[in-house]
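Undergrad: Given these sequences and hints, build the entire structure.
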Amino acid sequence: MIAFAARRLLGALPNLAGVMVVTFVLTRALPGDPAAYFAGPAATPEAVAEVRHALGLDRSLAAQFATYAGDLARGNLGHSVTTGQPVLTELAARLPASLELVAAALLFAAAVSIPLGVLAATRPGSWIDHACRALATAGVSLPTFFTGLLLAYVFYFLLGWAPPPTGRLDAAFSPPPAFTGFYLIDSLAAGDPELFAAALAQLVLPALTLGLFVIAPITRMTRASMLGVLAAEFVRTARAAGLSRGTILIRYALRNALLPVLTTLGMVFSFLLGSSILVEKVFAWPGVGSYALEALVASDYAPVQGFVLMMAILYLLLNLAVDLAYVAVDPRVRLQG
Amino acid sequence: MSAPPVSHPVPRPAPGGAAAAFARANLLTVAAAALFVLLALAAIFGPAIAPWNPLQTDGASALRPPGSGHWFGTDPLGRDIFSRVLVATRLDLGIALLAVSCSFLAGTALGCAAGYYGGWTDRIVSRLAETIMAFPLFVLAMGVVAALGNTVGNIVLATALINLPFYARLARAEVNVRRNAGYVDAARIAGASDARILAAHLFPNILPPLMVQVSLNMGWAILNAAGLSFIGLGVRPPDPEWGIMVAEGAQFIVSGEWWVALFPGLALMLAVFCFNLLGDGLRDLFDPRRRA
Amino acid sequence: MSERSPPLLAVEALSVRFRTPAGDVDAVDRISFEIARGEMLGLVGESGSGKSVTCHALLGILGAGGEVAGGRALFGGMDLIAASEDELAQIRGRELSMIFQNPRAALNPIRRVGRQMEDVLLRHGPVTPGSARGRAIEALRQVRIPDPAARYAAYPFELSGGQCQRVMIALALACSPALLIADEPTTGLDVTTQAAIMELIAELARQRGMATLLITHDLALAGEYCDRIAVMHAGQLVEIAPVDAIFESPRHPYTARLVGAMPRRAAALGDLAAIRGNLPDLRRTDLPGCRFLERCDRAAADCAGPLAWSEPRTGHRVGCRHPL
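Residue numbers (my numbering), protein chains in the order written: chain G, 242 to 578; chain V, 3 to 294; chain C, 2 to 325.
To be clear, the hints were calculated from the coordinates, so they are not data collected in a lab. Even glycine gets a Cβ: it sits at the ideal position worked out from N, Cα and C. Hints may be right or wrong, so weigh each one.
If we take Cβ atoms under 7 angstroms as the criterion, some of the chain G residues that face chain V in the derived model are [to be verified]:
{"hint": "1", "residue": "V260"}
{"hint": "2", "residue": "L376"}
{"hint": "3", "residue": "T378"}
{"hint": "4", "residue": "P384"}
{"hint": "5", "residue": "F387"}
{"hint": "6", "residue": "L392"}
{"hint": "7", "residue": "Y394"}
{"hint": "8", "residue": "F398"}
{"hint": "9", "residue": "S511"}
{"hint": "10", "residue": "L514"}
{"hint": "11", "residue": "L519"}
{"hint": "12", "residue": "L534"}
{"hint": "13", "residue": "S540"}
{"hint": "14", "residue": "V549"}
{"hint": "15", "residue": "A553"}
Ranges between beta-carbon positions, derived for each pair [unchecked claim]:
{"hint": "16", "chain 1": "G", "residue 1": "R300", "chain 2": "V", "residue 2": "G96", "range": "41 to 47 angstroms"}
{"hint": "17", "chain 1": "V", "residue 1": "N178", "chain 2": "G", "residue 2": "R300", "range": "38 to 44 angstroms"}
{"hint": "18", "chain 1": "G", "residue 1": "R300", "chain 2": "V", "residue 2": "R198", "range": "22 to 28 angstroms"}
{"hint": "19", "chain 1": "G", "residue 1": "A303", "chain 2": "V", "residue 2": "R198", "range": "38 to 44 angstroms"}
{"hint": "20", "chain 1": "C", "residue 1": "E312", "chain 2": "G", "residue 2": "P365", "range": "44 to 50 angstroms"}
{"hint": "21", "chain 1": "G", "residue 1": "I243", "chain 2": "C", "residue 2": "E47", "range": "50 to 56 angstroms"}
{"hint": "22", "chain 1": "G", "residue 1": "S540", "chain 2": "V", "residue 2": "I51", "range": "37 to 43 angstroms"}
{"hint": "23", "chain 1": "V", "residue 1": "R125", "chain 2": "G", "residue 2": "W368", "range": "47 to 53 angstroms"}
{"hint": "24", "chain 1": "C", "residue 1": "T129", "chain 2": "V", "residue 2": "N28", "range": "52 to 58 angstroms"}
TA: What follows is the structure in C-alpha cells.
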C-alpha cells in the first residue's frame, strides 16, 4: 500500500511539473511590464530597472523558472499588494473554510445521488428512473451561481428558514478555538452545541448549491454501475442462496457498484473546486476563492496566481486520495498490484 | 426429407410511420432541437426585434417589477430586462460557439496527429492535455483571463483552452482505432499523403462522436463564460450578457427584487439544458449502446 | 428410488416466455417432470434448449423480460410458481439450492469466501455470530478444500476454478437442502477437476439423502452419475427415462442422435454422427408442435400438431408421435 502510494506520487510528478510551468507562464503573461507594475506608477526608469533586476526579470526564462521553482519549494508565493501579507499565509488561513464547504457539498451530493442511483437501477424504465435521469440532466444545466441566488431567495428571503448569506457565522457568534479550522468539528470539540448549530445553519445553503451540480454525474454513474452489477452472476448466486434483499442490495451489489463511482470522483472534484469560487462569492464565504476574487478586483495578481497553484495542488492530492481509496477497497488491485 | 431453406415469419413490432416512431422515442431530443432553433433565432434577430433599446437607461423606471410595459421588469438603471436578456443571447451563444469551434478545430487537429503518428507527437499532445486537466478547469480559465487581460477575446481563449483536452483525447482515440482500417490502407497504397488521408478519410469518419461532444460542450462553455462574467471577468457593463446580468441582480435578490437576476438566469439554464439534451439525444442516436 | 412416496419436486406443464423487442420467445414449452427424494435427475440438451431457464424459473430468479407463462412446480407442498417472493426467499438456500457454472464469476469478487459462507450460515441460522467462523471453516472442510482455515480468508480470484466451485457447493449445501440444482457445474473445469467435483456432489448427495437436478450438455457425464435422464430440445422435453433405458433403448429420434453423437472409446471419428440442422429460431410464430420436426428423419404430417406423450414402459416417457 505504501509502495503503491509512493509509486503513484512519483507518477504525479510530471503533472506537478506541468502545473508549475503553466503557473509560471501565467505570472509572466501579465499585461504590461511586470517590473513597472511592481515598482509602482510613480517609479523612475532607474527604479523600474532596479525592481526588474531584483525580481530577476532580466535573466533568461529558464533561470527565472528555476528561481520560481525554488521559491515555491520554500513556500514563497509572493506578497499581496493590498494587504502586504505573504500570500501563502493568507491562503493557509482561509483554506479550512473552503475545505469545509467542499467536504460538506460532497457529502450532501453523495448522500442524495447514491440512493437515487440505486433506486433508479432497481426500477429500470419506471417513472422513478426517468425522473432521476431528468433531474440529473437538469442538475448539470444549472449555473451554480444562479442556483445559489435562487436558494438564498427562497429559503432566506421568502421562507426565512435560512440565515442571511453572509459567511460562516452570524455576527452574533465568534468562531470556536482553532483546532482543525472546520467550524463544525471545532465547535463540537469545544463543547458548544449552539455554535455548532449556528455554523451548520450557515453552511447548509452554500453546501447545497455547490453539491447540486455534481449530483448528476454521481447519480448517473451509480445507476449505470448498479444496473451492471445487479445483472452479474454473483448477485444471482446470492439470490439463489436465499440472502435477504437488503444484504444483496447493499453488501453485495452496492459495494461492488461503488468502485467505478469512486473513479468519477476525480471529475467531481474538478467541478467542486472550480465552482467553489462562485459559491463563495454568492454567500460571502471567507475561503480561498473569495480571497482570490477580492485580489482580482484590486488587480493584485500574486494572490490570484497563488490561488491557482494551490487549487491545482489540492486537486492533485485529492486525485491521489481517490486512487488510494480505490486500492484500499478493491482487493483485486491491492493483492495483484 | 430435407426441407428447402425457407424464411420464417418473425413477429414485427407495432406498425407506425417511421418519423412518428422516431419522434415518440426521442421526444426530448425533438423538443431540444425546437428550443435550439428558438435560441438561434433570438441570437440572430434579437437586437432587431427587441421592444426596448437594451442600453437605454431611465432612472425614473428603475427596478420596476414585471408588468405590461416591461415583461421582465427593469433593472436598477431602468433598462428593460426582457430586451437585455434577448439581446444577450447573441453574445452568450456567440462566445460559446467561438470557443467551442476553436477548441474543436485545435483539439481535433492535435488529437488526429497524435493518434495517427504516435511516437513523440502523441507524447507531446498527451502531455499537453494532461497538464490542462491537472487543473480544476474553471480555476485555470480564471487564471488565464486574469493573466492575459480582462477582455472578451481572452474569455473565448480561456474557454477554448480548457475544452481542448476533450477533443484531443476523443480524436486521438478514434483515429487510433481506425488508423489501420482497410480504406486507410487503400488510400495509402494509392499514394495519398498523410494530410489527405487525415482530412479526407479519417476526419469524416470520426465526426459523429465529435459532434456529440460539441453539443455537450456548448452547454458547458456557456456556463463557463457566464461564470467568468459573473466574477467580473470578460464582458464589461453596460453590455448585456446573462452572467453579468445575474451578478448585477445578485445584490437585489436578498431584498426582494427577484426579477433582475431571475430572468437572465433562467435564460442561461434554458440554453444549457437545450444543448445538454441535444447532446444526449445525439449520443443515443449515434451509439445506442451507451444510452445513459 | 421409491415409486410410492410422492415426488420431492413435481413440475407440471411449465412454460416460460421472454418478451424481447423482436417479439415473444417461448423459451420453455409445457415441460413436466418429477424428481424423487435422493435421486439424481439429469436434464440434458444442447445450448439454448431451455435447461437453465427452467431452473431459474423454479427458483424465481428469471432475468429481466422473463416470466412464467403457465404450469406448476410442486415442491414440498408448495407451488414454486405461485409462491410470493417472500415465500421463495424462505426456501432458497435452505430447502432448495442452486450452483452455477463459471464459479469464479459466481462469487462476490471483493468479499472473502469465508465471509460469504458466513452470510449464508447466519441468514439461515441458527448460527450465532460467534460460532459462524468455525461453522464456515467446517463447511469448507466438508467440500474437501485443503487448509480450509487459510482459504477462509481468501478472495475468489485467489482460488482455482475447482476450489471456487467447491466453495459454491459449500454455500449451497450449508443448510442441507432437500434438492440441489447443479447448472453445468463442471463446464469450464479441466477433466480431472470435473471428475472430482462430480464425485463430491454425488457423495454429499448420498450422505445427506439429497436429490439433485444436474443440468448438462454432456450426455456422457449425465450417464455416469444420474439415476434418470430427461432430454430437452428447443424448450421442449422430449424424453425422460432411467439412465440405462436412455442409452440402450432411446425412443425419441433426438435422443437416439445424441447417444449416437457421443464419443465412445472404441469408435473412430468418422463414426460420430452429427445432428443435422440447428435449434429453430424460437422467435418464429409458425413453430410446429414438435420443434424437432425440421431436423427429424421420421417427420410425418401429424408431427406439426401438439406434442403427444406416450409411455412405452413404466417410468419411460417420450414426447413423439412416431417413437423409435
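Undergrad: Evaluate each hint against the coordinates.
TA: Hint check:
{"no.": "1", "hint": "V260", "in the structure": "holds (5 angstroms)"}
{"no.": "2", "hint": "L376", "in the structure": "violated (12 angstroms)"}
{"no.": "3", "hint": "T378", "in the structure": "holds (6 angstroms)"}
{"no.": "4", "hint": "P384", "in the structure": "holds (5 angstroms)"}
{"no.": "5", "hint": "F387", "in the structure": "holds (4 angstroms)"}
{"no.": "6", "hint": "L392", "in the structure": "violated (10 angstroms)"}
{"no.": "7", "hint": "Y394", "in the structure": "holds (5 angstroms)"}
{"no.": "8", "hint": "F398", "in the structure": "holds (6 angstroms)"}
{"no.": "9", "hint": "S511", "in the structure": "holds (5 angstroms)"}
{"no.": "10", "hint": "L514", "in the structure": "holds (4 angstroms)"}
{"no.": "11", "hint": "L519", "in the structure": "holds (6 angstroms)"}
{"no.": "12", "hint": "L534", "in the structure": "holds (6 angstroms)"}
{"no.": "13", "hint": "S540", "in the structure": "violated (9 angstroms)"}
{"no.": "14", "hint": "V549", "in the structure": "holds (4 angstroms)"}
{"no.": "15", "hint": "A553", "in the structure": "holds (5 angstroms)"}
{"no.": "16", "hint": "G/R300 with V/G96: 41 to 47 angstroms", "in the structure": "holds (42 angstroms)"}
{"no.": "17", "hint": "V/N178 with G/R300: 38 to 44 angstroms", "in the structure": "holds (42 angstroms)"}
{"no.": "18", "hint": "G/R300 with V/R198: 22 to 28 angstroms", "in the structure": "violated (46 angstroms)"}
{"no.": "19", "hint": "G/A303 with V/R198: 38 to 44 angstroms", "in the structure": "holds (40 angstroms)"}
{"no.": "20", "hint": "C/E312 with G/P365: 44 to 50 angstroms", "in the structure": "holds (45 angstroms)"}
{"no.": "21", "hint": "G/I243 with C/E47: 50 to 56 angstroms", "in the structure": "holds (54 angstroms)"}
{"no.": "22", "hint": "G/S540 with V/I51: 37 to 43 angstroms", "in the structure": "holds (39 angstroms)"}
{"no.": "23", "hint": "V/R125 with G/W368: 47 to 53 angstroms", "in the structure": "holds (49 angstroms)"}
{"no.": "24", "hint": "C/T129 with V/N28: 52 to 58 angstroms", "in the structure": "holds (57 angstroms)"}
In the structure shown, a violation is registered for the earlier hints numbered 2, 6, 13, 18, in ascending order.
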